[in-house]
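Trainee: Here the protein sequences come in this chain order: A and B. So for the first sequence, the UniProt record's numbering puts the first residue at 1; every next one is plus one. So for the second sequence, the UniProt record's numbering puts the first residue at 1; every next one is plus one.
One or more hints might be untrue.
[Claimed, not checked] Here are the simulated distance ranges between beta carbons:
no.: 1; chain 1: B; residue 1: I142; chain 2: A; residue 2: K138; range: 38 to 44 angstroms
no.: 2; chain 1: B; residue 1: I152; chain 2: A; residue 2: T70; range: 49 to 55 angstroms
no.: 3; chain 1: A; residue 1: P28; chain 2: B; residue 2: F214; range: 28 to 34 angstroms
no.: 4; chain 1: A; residue 1: D175; chain 2: B; residue 2: R209; range: 34 to 40 angstroms
no.: 5; chain 1: A; residue 1: K138; chain 2: B; residue 2: Q170; range: 45 to 51 angstroms
no.: 6; chain 1: B; residue 1: R44; chain 2: A; residue 2: L130; range: 38 to 44 angstroms
no.: 7; chain 1: B; residue 1: R41; chain 2: A; residue 2: A176; range: 37 to 43 angstroms
no.: 8; chain 1: B; residue 1: R44; chain 2: A; residue 2: G172; range: 38 to 44 angstroms
no.: 9; chain 1: A; residue 1: T24; chain 2: B; residue 2: R134; range: 24 to 30 angstroms
no.: 10; chain 1: A; residue 1: H139; chain 2: B; residue 2: A156; range: 48 to 54 angstroms
no.: 11; chain 1: B; residue 1: L60; chain 2: A; residue 2: H139; range: 36 to 42 angstroms
no.: 12; chain 1: A; residue 1: R125; chain 2: B; residue 2: L104; range: 52 to 58 angstroms
no.: 13; chain 1: B; residue 1: A52; chain 2: A; residue 2: R125; range: 40 to 46 angstroms
no.: 14; chain 1: A; residue 1: Q36; chain 2: B; residue 2: I142; range: 43 to 49 angstroms
Hints listed in this document are in silico derivations from the structure and should not be mistaken for laboratory results. Cβ atoms here follow ideal geometry from the backbone N, Cα and C, with glycine treated the same way.
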Amino acid sequence: MSEMLASTSKGHIEVKNFSLAYETIEGPVQAVTDTQIHVKPGEFVSIVGPSGCGKSTLLNAVAGFLKPTTGVVTVDGEFVNGPSAERGMVFQQYSLFPWKTVRENVEFGLKMRGMPRSQRERAARTLLGLAGLEAFEKHYPEKLSGGMKQRVGIVRALATGPKVLLLDEPFGALDAQTRVIMQQILTNMWQRLKISVLFVTHDIDEAIFLSDRVYCMTARPGSIKAEIPIPLERPRQQSMMMSSEFLALRRGLMSLIREESLKAMGGEINDLGMQGLNIELHGHSLVEVL
Amino acid sequence: MSSPALLRHPEDNMPAIAEAGPVPAVTPPATPPSFGTLALRWYRLNQGRLRATAIGIASLIAFLLVWHLLTTYRVVFFVRFTNVPSPLTVYASFTKAMHDPKFLMHILLSCRRIFIGFSLAAIVGVPLGLIMGRFKLVHEIIFPVAEVLRPIPAIAWVPMAIMLWPTNEQSIVFITFLGSFFPILVNTLHGMSLVDPVLVRAAQCLGARERSIFREVYFPASLPHIFTGLTVGMGVAWVSLIAAEMISGQYGIGYFTWEAYSLVQYADIALGMIAIGVLGLGSSLLIRGAGQLVMPWRST
Numbered sequence: 001m002s003e004m005l006a007s008t009s010k011g012h013i014e015v016k017n018f019s020l021a022y023e024t025i026e027g028p029v030q031a032v033t034d035t036q037i038h039v040k041p042g043e044f045v046s047i048v049g050p051s052g053c054g055k056s057t058l059l060n061a062v063a064g065f066l067k068p069t070t071g072v073v074t075v076d077g078e079f080v081n082g083p084s085a086e087r088g089m090v091f092q093q094y095s096l097f098p099w100k101t102v103r104e105n106v107e108f109g110l111k112m113r114g115m116p117r118s119q120r121e122r123a124a125r126t127l128l129g130l131a132g133l134e135a136f137e138k139h140y141p142e143k144l145s146g147g148m149k150q151r152v153g154i155v156r157a158l159a160t161g162p163k164v165l166l167l168d169e170p171f172g173a174l175d176a177q178t179r180v181i182m183q184q185i186l187t188n189m190w191q192r193l194k195i196s197v198l199f200v201t202h203d204i205d206e207a208i209f210l211s212d213r214v215y216c217m218t219a220r221p222g223s224i225k226a227e228i229p230i231p232l233e234r235p236r237q238q239s240m241m242m243s244s245e246f247l248a249l250r251r252g253l254m255s256l257i258r259e260e261s262l263k264a265m266g267g268e269i270n271d272l273g274m275q276g277l278n279i280e281l282h283g284h285s286l287v288e289v290l
Numbered sequence: 001m002s003s004p005a006l007l008r009h010p011e012d013n014m015p016a017i018a019e020a021g022p023v024p025a026v027t028p029p030a031t032p033p034s035f036g037t038l039a040l041r042w043y044r045l046n047q048g049r050l051r052a053t054a055i056g057i058a059s060l061i062a063f064l065l066v067w068h069l070l071t072t073y074r075v076v077f078f079v080r081f082t083n084v085p086s087p088l089t090v091y092a093s094f095t096k097a098m099h100d101p102k103f104l105m106h107i108l109l110s111c112r113r114i115f116i117g118f119s120l121a122a123i124v125g126v127p128l129g130l131i132m133g134r135f136k137l138v139h140e141i142i143f144p145v146a147e148v149l150r151p152i153p154a155i156a157w158v159p160m161a162i163m164l165w166p167t168n169e170q171s172i173v174f175i176t177f178l179g180s181f182f183p184i185l186v187n188t189l190h191g192m193s194l195v196d197p198v199l200v201r202a203a204q205c206l207g208a209r210e211r212s213i214f215r216e217v218y219f220p221a222s223l224p225h226i227f228t229g230l231t232v233g234m235g236v237a238w239v240s241l242i243a244a245e246m247i248s249g250q251y252g253i254g255y256f257t258w259e260a261y262s263l264v265q266y267a268d269i270a271l272g273m274i275a276i277g278v279l280g281l282g283s284s285l286l287i288r289g290a291g292q293l294v295m296p297w298r299s300t
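All chains, full assembly: derive it from the sequences and hints.
Mentor: Printed below as a string of structure tokens:
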């Protein structure tokens, strides 16, 4: 079945029986265990989970930076053996090359492919135009705002025409207003390019607003706790975030994650503890009262 | 220059409203700023730099003045200025030296030695550092040897260099090379160790292979540290060169300075020292300039 799909369409990600362990002196530490996920061609899928749950580990394995301890990662039926331009990646830290101008950054993938200079310059200009960054093509990344940097990051990843786009908390470092705009831009690009997207975030609203489907991961060692389809219609509007449908999805995901976050934090954090310091000081210092 | 009217932006009227504090409004609304206001504005923008330049010139003059006073009154206070030449006598020997082809030859020879020794150090040190930083095995083989040789001052190499090389000239260049080689190597290595791994991963995701990653990521990412190494290396190259010339040279500005002492030409001692200082400063300025040319993304 999956082989058939792979032959007809592009960008089908499959992760089967996946586990990944790090070697330490005390023996292997499981980061991710027993995980199955898939992204259908053209689908937008997010992974949410508490920090340290291994969602980035999973994404890095799909990118080809990490090898699974058990299980397989395939894209269109082909095993992932290492990073490649077929799987574009966008990083939280932007990771633009500081020594290259905006346009040279976008050109990079095309240059690696051996495209002649004039041709790749034209391609980069076109892409930058779509992202509204034409005027900044000669700037160095340092001079750009966070939102502009990440737009360059996305355009750079898309320039080589990858089958899938992998994003690792790409908007995590942006302020709330910029993030909303960036989500809209990403959605537009995704709909135009019909590319498969695997998106890692810890922001629940973001995951719901963007995705067709959301995987929720457990605390470390990470595995898939739940898979939630997002039936909200497209194109999605900012106003949908107030709809009862959206809020119901949000409540559901929120409680799933909260459970896992408490687990991930460890120790004895309970509701009582979260009420805060319940000590009356009466004008004394904390040390005196204790 | 374009006319003053073209230089004026609509925002120019804004600060007058926004900063209605103790600072009086600089721009009268709706009329082009006069030469006076432009000059005032230029002065305000460049105040810091002007101040630094003014103080710098004043302190140089003060230095010369103190030197002059100490030598004309032949002050003896722990140190003895009895035989130290005054700035004026040094200037006199400078004007004489400028017409003396021998003095110019000393300087030219020193510069040539620096150029060859330093260039060789850069040509060997930078690629070696890059390769050591990238390939563990090379690092593991070369690093221990480098660590043992590194603390040996270049002057201590003089006898060995004379044994190793058939001519004096070669051994002096060799010492200059050694002096600048290790700072260049160590800083290049340091730069390589600081390359952001995320940038390497970004390049891999865009289809870059080993060779391209080396050229497009590791090398430019290390450039700032490479230039630090080159600057430090240039300083040490001069130190080593002068020492080598004083010990085993027949020509060169270091030899000139030492010879001046032997021949009791006290003014020439100071002249030689100042020449060394100026040459050292000039060569580090050259490297800094080259750095700005090569790394346009770092200039603000």
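Trainee: Now tell me, hint by hint, if it's right for this structure.
Mentor: Hint check results:
1. Evaluation of the 38 to 44 angstroms hint for I142(B) and K138(A) yields a pass: the beta carbon distance comes to about 40 angstroms.
2. Between I152(B) and T70(A) the beta carbons are some 53 angstroms apart, a value that agrees with the proposed interval 49 to 55 angstroms.
3. At roughly 33 angstroms, the beta-carbon separation of P28(A) and F214(B) lies within the given 28 to 34 angstroms, and the hint holds.
4. Distance hint check: the CB atoms of D175(A) and R209(B) are about 37 angstroms apart, consistent with the given range 34 to 40 angstroms.
5. For K138(A) paired with Q170(B), a C-beta distance near 48 angstroms keeps the hint of 45 to 51 angstroms intact.
6. One distance hint, 38 to 44 angstroms for the beta-carbon pair R44(B) and L130(A), holds here, with the actual separation near 42 angstroms.
7. Evaluation of the 37 to 43 angstroms hint for R41(B) and A176(A) yields a pass: the beta carbon distance comes to about 38 angstroms.
8. Checked against the hint of 38 to 44 angstroms, the C-beta distance between R44(B) and G172(A) comes to roughly 41 angstroms, which is consistent with it.
9. A hinted range of 24 to 30 angstroms holds for the C-beta pair T24(A) and R134(B), which are about 27 angstroms apart.
10. Between H139(A) and A156(B) the CB atoms are about 50 angstroms apart, so this pair conforms to the stated range of 48 to 54 angstroms.
11. One distance hint, 36 to 42 angstroms for the beta-carbon pair L60(B) and H139(A), holds here, with the actual separation near 39 angstroms.
12. In this structure the supplied range 52 to 58 angstroms holds for R125(A) paired with L104(B), their Cβ-Cβ distance being about 54 angstroms.
13. The given range of 40 to 46 angstroms is respected by A52(B) and R125(A), whose C-beta atoms sit roughly 42 angstroms from each other.
14. The hint said 43 to 49 angstroms for the Cβ distance between Q36(A) and I142(B), and at roughly 48 angstroms that hint holds.
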